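Given the sequences, and given the hints that come with them, work out the whole structure.
For the sequence shown, counting from 1, position 466 maps to 1309 in the working numbering; every step adds exactly one.
By construction, these hints were calculated from the structure, which means they are not laboratory data.
The model shown is predicted, which means the values in this text are computed figures rather than measured ones.
Built from N, CA and C at the ideal position, the CB exists for glycine as well.
Treat the hints with care, as some may be off.
As the list claims (entries may be wrong) - In silico DSSO-like links for lysine-lysine, alpha-carbon gap of 27 Å or less:
#	residue 1	residue 2
1	K1033	K1141
2	K1208	K1227
3	K1099	K1033
4	K1228	K1208
5	K1141	K1208
6	K1258	K1227
7	K1228	K1258
8	K1258	K1208
9	K1208	K1033
10	K1064	K1141
Claimed, not checked - Simulated restraints, written as ranges between beta carbons of each label pair:
#	residue 1	residue 2	range
11	L1072	G1325	29 to 37 Å
12	L889	A1001	37 to 45 Å
13	A1001	G1143	22 to 30 Å
14	A1096	A1269	53 to 61 Å
15	P1149	R1225	52 to 60 Å
16	S901	L1051	31 to 39 Å
17	G1355	R1055	37 to 45 Å
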Amino acid sequence: MDLPLFFLLVLGCALMVWVPLVLAQIDASLRPGGGLRFWLLRVASLTAILSLLFPAGSAISGALALGWGLLGLYAAFAGVRRLLFWGVIGGARTAVGYGLLGLAGGVVWFGAARTEAAFLGFDEPWKTLTAIHFHYAAAILPLGYALMVARIEDLGRAGPARAGALALFVWFVGFAAVARGINGSPTLEKIGAVLMACAGAILLVTSLRVHRELARGVISKLLLGTSVLAGAVALTLAVLYAFRTGKLAEFSAMAKTHGVLNAFVWPPALLFLAVWNGWSLSEPRERLPFARWSAGRKVGAAFFDPHVIAGHARGLTDRFAELARAEFDPAQVDPGVRDFYERTADFELDVTATSAPAFAWLWRKMVGPWFGRREQLHLPDRDKKIAGRIVTLDESRDGRARPRGWIRTDVATGKAVYVAAYAVHAREGASYMNIAFPLPFGNMTSILLPVHHPVRSGGLRLTTLSGARPSGDQGVFAVVRGHGLRLPLNETIDVWREGEILLAEHRMWFFGWPYLTLNYRMRTGKEKA
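Printed below as a string of structure tokens:
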């Protein structure tokens, strides 16, 4: 087989078959019956294929490639949108964001190849090969495995889901290293190849760990087995080529063996498995119900005073039962815990702080003073006694239903520690605590999912972590004018009764690094007496 023709055949399969197939599983509007976007994708795919039939550099080849360029714009926009919504580090849905950006990169290289435009010092056939590499290694394969990991998340298999999500993140790091290494750093290329091989191995092993749930029936089992075997061989060949080891690592042999596996065996088996079993991913929702609060230079304990209305709010929610969903029964939560959320104003809090040494230094020297001057989110870095009051807020000002403010102050200084507007919102069968902290130019919103405590009987856990509901609304967001940007922050609040004492533990993470834990003792006025 003529090698340049083989390259075009491999690239053509990506353009005509594999990219449209995997995108249809990610975005329902790109499936048959999806309307205009479905037809636009088909037109883009067809014009890209037609572009391959004309000599590279010709006007008609470049013009036809523009259709695929429009797909690249869609992929870039959709990828950034998903990363903003789901976060830069997360599960399968975050991986989709990176995969779409990888597809956008492949489109750029495709355009450079068809127009013969000078690009980063590369000539042919390297521009076409790089376009192929991006389409398959940065888009088709990781997007296919993102569908698999999302299915594992939906099955509730937390361990394999976390392993798969981590592997996808490492895969993209490895791909970036390979892409950079090919352009002049053999060592970086080798490191990237090893990272991708390790990540791929984890994905293959993960698929085998849950094969009973993923592959039901003979056809599914054959597809899964084929994808695992082809993936193992393809990853081995990729490492051999990176280290230039053996005859199979020679360029011509590598292009044919690795190319055949990556174009005609591994992705087809994986994607047909996804289609056969109906794996799909939801699109990010347009808007979460974010509060409208925004502050000036200072927040302080009196911030909500102009927006307080007459009401009888005594707690963070009027009815703890409104947090119910299929997986969470509020009646199983200890009555004392439920009472705290319904009568929060009756409690005083003693807090003990335990922080990571690096965070403690950074907070005292740099970050803490800024928040302290604004009397907002002034996280305790030492033991404190906290007083609180609950106020009913104007819905028209807040933008959410039945909001109430909880203002917590340091008893020793009278200064505000936390000033937050609380509400409950429900979506797609789940209810969430929706907490907005006003800040200059916007607010920081923490959306917490209630779950039963995994160890403490009758205990409650509120969490922004995605494990309990991977496609849920939970997360921490920076909000400006109603638009939220997911932050690399997470928190979990555990509340339980121990004897006659109500306790809470509030843990916080930044990029997965635990930086602060706050332990609370909650007491009512009667207990204080």
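Results for each hint:
1. As the CA atoms of K1033 and K1141 are separated by approximately 52 Å, the hinted pair breaks the 27 Å bound.
2. The straight-line distance between the Cα atoms of K1208 and K1227 is roughly 19 Å, inside the 27 Å bound, and the hint therefore holds.
3. Between K1099 and K1033 the alpha-carbon distance is near 21 Å, which keeps this suggested pair within the 27 Å criterion.
4. With a C-alpha separation of about 23 Å, the suggested pair K1228 and K1208 falls inside the 27 Å cut-off, and the hint holds.
5. Distance restraint check for K1141 and K1208: the Cα-Cα separation of roughly 20 Å lies within the 27 Å cut-off, and the hinted pair is therefore satisfied.
6. With a C-alpha separation of about 12 Å, the suggested pair K1258 and K1227 falls inside the 27 Å cut-off, and the hint holds.
7. A distance of roughly 12 Å separates the Cα atoms of K1228 and K1258; the hinted pair therefore holds under the 27 Å criterion.
8. Of the pairs offered as hints, the one joining K1258 and K1208 holds, with about 19 Å between alpha carbons and a cut-off of 27 Å not exceeded.
9. About 41 Å separates the Cα atoms of K1208 and K1033, which puts this hinted pair outside 27 Å; it is violated.
10. A threshold of 27 Å between alpha carbons decides the hint, and for K1064 with K1141 the separation of about 61 Å lies outside it, so the pair is violated.
11. Hint check: L1072 to G1325, Cβ distance near 49 Å, so the stated range 29 to 37 Å is violated.
12. The hinted range of 37 to 45 Å is satisfied by L889 and A1001, whose Cβ atoms lie roughly 42 Å apart.
13. For the pair A1001 and G1143, the beta carbons lie near 41 Å from each other, so the given range of 22 to 30 Å is not met.
14. For A1096 paired with A1269, a C-beta distance near 58 Å keeps the hint of 53 to 61 Å intact.
15. Between P1149 and R1225 the beta carbons are some 32 Å apart, a value that contradicts the proposed interval 52 to 60 Å.
16. Distance hint for S901 and L1051: a CB-CB separation of about 48 Å, inconsistent with the stated range 31 to 39 Å.
17. The beta-carbon spacing between G1355 and R1055, approximately 30 Å, falls outside the hinted interval of 37 to 45 Å.
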